[in-house]
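Just so you know, the sequences run in chain order A and B.
Here the first sequence stands for residues 66 to 398, where the numbers follow the working numbering.
Here the second sequence stands for residues 66 to 398, where the numbers follow the working numbering.
Hint data in this document are derived by calculation from the structure and do not stem from the laboratory.
Just so it is clear, the structure is predicted and the values come from calculations on it, not from any experiment.
Take the hints with a grain of salt, since some may be wrong.
One copy or two, it doesn't matter: identical chains are merged, so the pair holds either way.
To be verified - With a straight-line Cα cutoff of 25 Å, these simulated SDA-like cross-link-like pairs (lysine to any residue) come out:
#1 K393 with Y228
#2 K388 with Y228
#3 K267 with D128
#4 K111 with L303
#5 K284 with A340
#6 K174 with E286
#7 K122 with K210
Protein chains: 2
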Amino acid sequence: MKHFSELRRQFIQATVAVSLLFALPAWAADALPSWRDGPTKQAIIKFVISVTDTNAKTYVKPDDRIAVFDNDGTLWSEQPFYFQLYFMADQVRAAAPKHPEWQDLPEFKALMARDIPALMKIGVKPVLELLAVANSGMTTAEYDKAIDDWLFFSRHPRFNRPYTDLAYQPMKELLRYLEMNFFKNFIVSGGGVEFMRVWSQKVYDIPPERVIGTVGGVKFEEKDGKPVLIKLPKMEFLDDGPGKPVGIYRSIGCQPIFAFGNSDGDLQMLQWTAAGKGLRFMGLVHHTDEKREWAYDRTSHIGKLDKALDAALANGWTVVDMKKDWAKVYAFD
Amino acid sequence: MKHFSELRRQFIQATVAVSLLFALPAWAADALPSWRDGPTKQAIIKFVISVTDTNAKTYVKPDDRIAVFDNDGTLWSEQPFYFQLYFMADQVRAAAPKHPEWQDLPEFKALMARDIPALMKIGVKPVLELLAVANSGMTTAEYDKAIDDWLFFSRHPRFNRPYTDLAYQPMKELLRYLEMNFFKNFIVSGGGVEFMRVWSQKVYDIPPERVIGTVGGVKFEEKDGKPVLIKLPKMEFLDDGPGKPVGIYRSIGCQPIFAFGNSDGDLQMLQWTAAGKGLRFMGLVHHTDEKREWAYDRTSHIGKLDKALDAALANGWTVVDMKKDWAKVYAFD
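Pulled out of the complex, with its shape left as it was, chain A reads as follows (with noise of 0.2 Å):
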């Protein structure tokens, strides 16, 4: 069977390969046409070129090309707050009604008036809280769909557009480029995973199995006679910070060799991919451009760069300066 399946996997590489090379070689000429050259570009090139070729030392096996890669900040925006937090503003505002008992909790009274320094100075556990007790009693399929229709309605505020819509540009190529190499690439978010799995396969081409998030209950029971999955008034588990090389773990199993994150909460995943043998990639989204996305780093609020961007500097890991290492930041620049 291994061999089976090793034949295979070589048959497929060449066929990609040759196609690559006679069919589309507009592409091929340039897997990354948003990102600029320089020295993080040739970083990444470098990287991929040093672990996929058969007869370099760095070789690393397909299986073993795993890429991990924070959500918020670091493949879409998360300004002027977490795209999620709308979301939850308004899965809030429909469930009121029945909780009366709300309208005296600070994180309620700040969540509807969209009040984000208030929102900061009481945590996102209060309010993830919240929004469990809103969709406890709802089934996984009710939950979905809330979700899709939600972001087929709903715009940006800034830019007048779905937030899908404010996808990086530069990230989806490299997603793709990696791909094109036969890395695996998961999202390793502090989001909720049912969140960013109804639309990740559409606007990442990443799979649901490879999302890994925060986990709120579920429960199986017959509903109507029918099975269904309720979900319960509680999390599970918080993907972020240290709890990230920990869902990696639950998940995946194995250390990634490619991480990308642009925040605090990234910096254990970073560390603990760092901490494998063998060549590593470590990556940072730096927010710099205010003109075209936002600029924001070390006293921010939302996704604060501080303690990673030492160890990025410390570490000489990757640091991508928005401004000027991405000719585009979303496709409809």
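With chain A's structure known, arrange chain B on it following the hints.
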């Protein structure tokens, strides 16, 4: 991006099809040589043709071809006791000198004596908790190595062979047949996820990220200046019975179209698979061969098959009669 990815998929599909027709005619002639001709084999082939024929109303896109398999008793044997238990016993024995408080615990005494009736009476939870304590403080790398070493040196008491030799040859062919038809195969087992992931790629060609199982707690920390994951003395998620659809939802995020189990612990997974829209395949391995393997079902302490068998008969699910349907049980037969 989607367009390109689809093109590539079609191209790969076409070239694989061509290679099957010309380069591997013997394989193409019968992808399931260890399955005897009859209604069971025909039901599998008919299902696969129905969901892969692009002109059929029953066609399912490759992304949605999710297949889930229980492990113990479905993909490999589970007698005289779940193989993981032998590993556990060795781990607990090694840790015993550090835990004098265990001497009076009934689960410890039963495990050391390999007293299966006593263990069954105590139940699986105290035993799993004992193991969690035995391994707590180990790094995940040390734990993986302990499993790997144990598998290499230990032998099955009846066959005097490595445990991994007791994977069922017909099921390995089925996994390969589904994979060639662009299914994604997952293991969904009550066993510990770490225990299975170490060998699932080698034995089943199922990569670690497609193994779903019972999850123990781990914690990210620095040890001698290096980031590590340390095992905690607690079980975080039991992937059995109604936990299986929950595990599928957490890790895969969509409903399978194909599920195989062998015991009442798989009933909810099969019900959850059956509850999806469109054509579905639900299968059970019925242990009917006491000569080549074992024969047990409704009254067995291990792999009890009672309610799930009733459900299969009532709903027309496929039941494999091991004695009749399998020309070979193990590759070494």
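Verification of the supplied hints:
| no. | hint | verdict |
| --- | --- | --- |
| 1 | K393 with Y228 | within (17 Å within a copy, 54 Å between copies) |
| 2 | K388 with Y228 | within (21 Å within a copy, 56 Å between copies) |
| 3 | K267 with D128 | both (24 Å within a copy, 11 Å between copies) |
| 4 | K111 with L303 | neither (34 Å within a copy, 43 Å between copies) |
| 5 | K284 with A340 | between (37 Å within a copy, 15 Å between copies) |
| 6 | K174 with E286 | neither (34 Å within a copy, 37 Å between copies) |
| 7 | K122 with K210 | between (48 Å within a copy, 24 Å between copies) |
In terms of the numbered hints stated before, the structure departs from hints 4 and 6, listed from lowest to highest.
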